[in-house]
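A.B. asks: Chains H and R, in that order, give the protein sequences. Just add 794 to the spot in the first sequence (first one is 1) and you have the numbering used here. Just add 29 to the spot in the second sequence (first one is 1) and you have the numbering used here.
No lab work stands behind these hints: they were computed from the structure. Take the hints with a grain of salt, since some may be wrong.
[Unchecked claim] Each computed DSS-like pair below joins lysine-lysine, with the alpha-carbon atoms no more than 25 Å apart:
1. H:Lys802 x H:Lys1116
2. H:Lys802 x R:Lys174
3. R:Lys227 x R:Lys49
4. R:Lys121 x R:Lys49
5. H:Lys812 x R:Lys49
6. H:Lys802 x R:Lys159
7. H:Lys1116 x R:Lys222
8. R:Lys174 x R:Lys40
9. R:Lys121 x H:Lys1116
10. R:Lys174 x R:Lys159
[To be verified] The following residues of chain R were derived to be distant from chain H, with all beta-carbon distances above 12 Å:
11. Arg59
12. Met85
13. Ile138
14. Met171
15. Lys227
16. Ser242
17. Asp257
The model shown is predicted, which means the values in this text are computed figures rather than measured ones. Think of the CB as a built atom: it goes at the ideal place given N, C-alpha and C, for glycine as much as any other residue.
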Amino acid sequence: MPLLRVLKEALTSVFSNKMRSFLTVLGIVIGVGAVIGLLAIGEGASASILGQIESIGTNSIYVMRSSRDDVSNPKPLTLTDAEALSNRSRAPHIIRATPVLTGQTTFSLGDISLQTMVFGSYSDYAEITGVEIAEGSYINPSDVDSRAAVIVVGPDLAEELFGRSTGVVGSMVRINNFPYRVIGVTKAVGGNQFNNPDMQAYMPITTIQYRVIRQAVPEAVNYIIVQAQDSQSINLAIEEAQRVLRETHRLTPRQPNDFNLTNQEDILDIANSITSILTIFLAGVAGISLLVGGIGIMNIMLVTVTERTNEIGLRKALGARKADIMLQFLSESALLSLIGGIFGIIFGWLLALVVGNIAKNTGTPLIPVVQLEAILLATVFSTLVGVFFGWYPARHAASLEPVDALRYE
Amino acid sequence: MTESNHHPVIKVRDLTKVYKLGEIDVHALRGIDLDIYPGEMVAIMGQSGSGKSTLMNMIGCLDSPSEGEYYLDGELVSDLVDDQLAIVRNRKIGFIFQKYNLLARASAIENVELPLRYSDDPTNMTERSKEMLRLVGLGDRMDHKPNELSGGQQQRVAVARALVNNPAIVLADEPTGNLDSVSGQEVMDLLLKLHREKQTTIVVVTHDKGIASQAQRIIHLFDGKVVDEEVN
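With the hints as constraints, model all of the structure from the sequences given.
C.D. replies: Structure below.
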């Protein structure tokens, strides 16, 4: 029988029992919808994470105190370390080293009191990390020199404190009961409840050291951002940083580094592998529902074959060969799951849209991306699921003996 | 009808069929010899258990014999495998069943087309099917579904379906078994007319004496053997 004819018969059969066909394909709809939707969300999340990381710049190297078990008594990183790293005669490929001291602090204004992260650093911190100013100005070198009581706030923080995110430059706010003058507001970049740059504040490293965060070693910082001359000299810069820090920490050749150097590339790689693991995981979960959907199709196809035993017998009596019967039932199951796949794509797309809208309304930087590859993959895969799970019922139908099938009650 | 003019369209020699029913061997056919000539109308009669259904399955190429030879239209078909038998059924045999066996979802014309769809010559499918439906007197019911037709009309659709491939033989298994006497006779009249006007070879399997008596020849089966032959 010509293929077009076979498809027409399969269509008639599928549509002659709409309710059953609908329930049969529901598993596939949900499975494919989940694949499309979750892949889109995963893709969006990954683009968002990578975008945030890349905005910092790939020439940066993060230096942190070692947290490895085999390093005993790691020395804290200090301003002296940062100075040594900035010394071009000691580290010619490092253009600057910016220490960062950060911590959770209490902001208060009138009745309002809230906790948020403050970053203390030099005036070049904004440039290095990609913080942009919407209003006022960022910290300047003289603020750092004079330990000025000034602060740059994120727009969400301004909103919480002053009830507005514009026109707040010059206002005062208290941190640990000490007054600070707001000199700038950063541009909104969006965030989530775990990490929201718009809720952060920035002040001179000298100010945070002497007034906000008290610590055993007054010079200690949380991390140092080292900038290599360019992306080609990153490895040289890492070597130099290593050598300089081993000297300043007075490590003997047998002692391991008591600090970690993390290159932006490494962070990107880690983020990439995290997001791809996430995507694989999501796709796996969705794949399981596709599998369950396929089993549903197999189940119904077996019922269909049993119900239509007489019809199969008749078709065989009239001259249908094994391959004809096989093709008839395979095309029916493939068509069922293809239809399920198409509805699944629509469902997944809607899912991505809804999640995208929720993200937009909550200020989370997540734009789900429904990729063409995902759609093609889902279409092909769902059809294959139909063929795979339809194979056994179809073979069963094809191998029925015409005499027995005709006589079947 | 003389053999010098015609070779038999159905030639059965020492046909045996043994079923295994658990441990027991059931001898459904115990050596059947049978010749049916082109243009004949033959009835095969017998009680249930006489082997007439089994013989019909053999003649219809729906089942293979345990032993013996069966030539259909000059071709030895008793040795063929499944898919070859399917081709033979499609080209050489038109089936009429007791329960009509129409596809419920398909219209009369689509039901008649069905054998053509499995044939290697599906040209003018619709035209040929329409012609057959007109021949059985259902020219005005072509697009009706089986549940919109009476039992007699459904069986006439089945007759049209059996004829559409222009087969060597038409095999009717209790064609009136599900019909009242009036529509039953209508179907029989139709078969007789086809036999008379188109010289169609028709084999009717029945246990109804009244139906069988309308054939030219009656073959009586008992306990898997031909026990008697009447010529009307």
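A.B. asks: If any of the earlier hints don't hold here, list their numbers in rising order.
C.D. replies: The structure breaks hints 3, 4, 5, 7, 8, 12; every other hint is satisfied.
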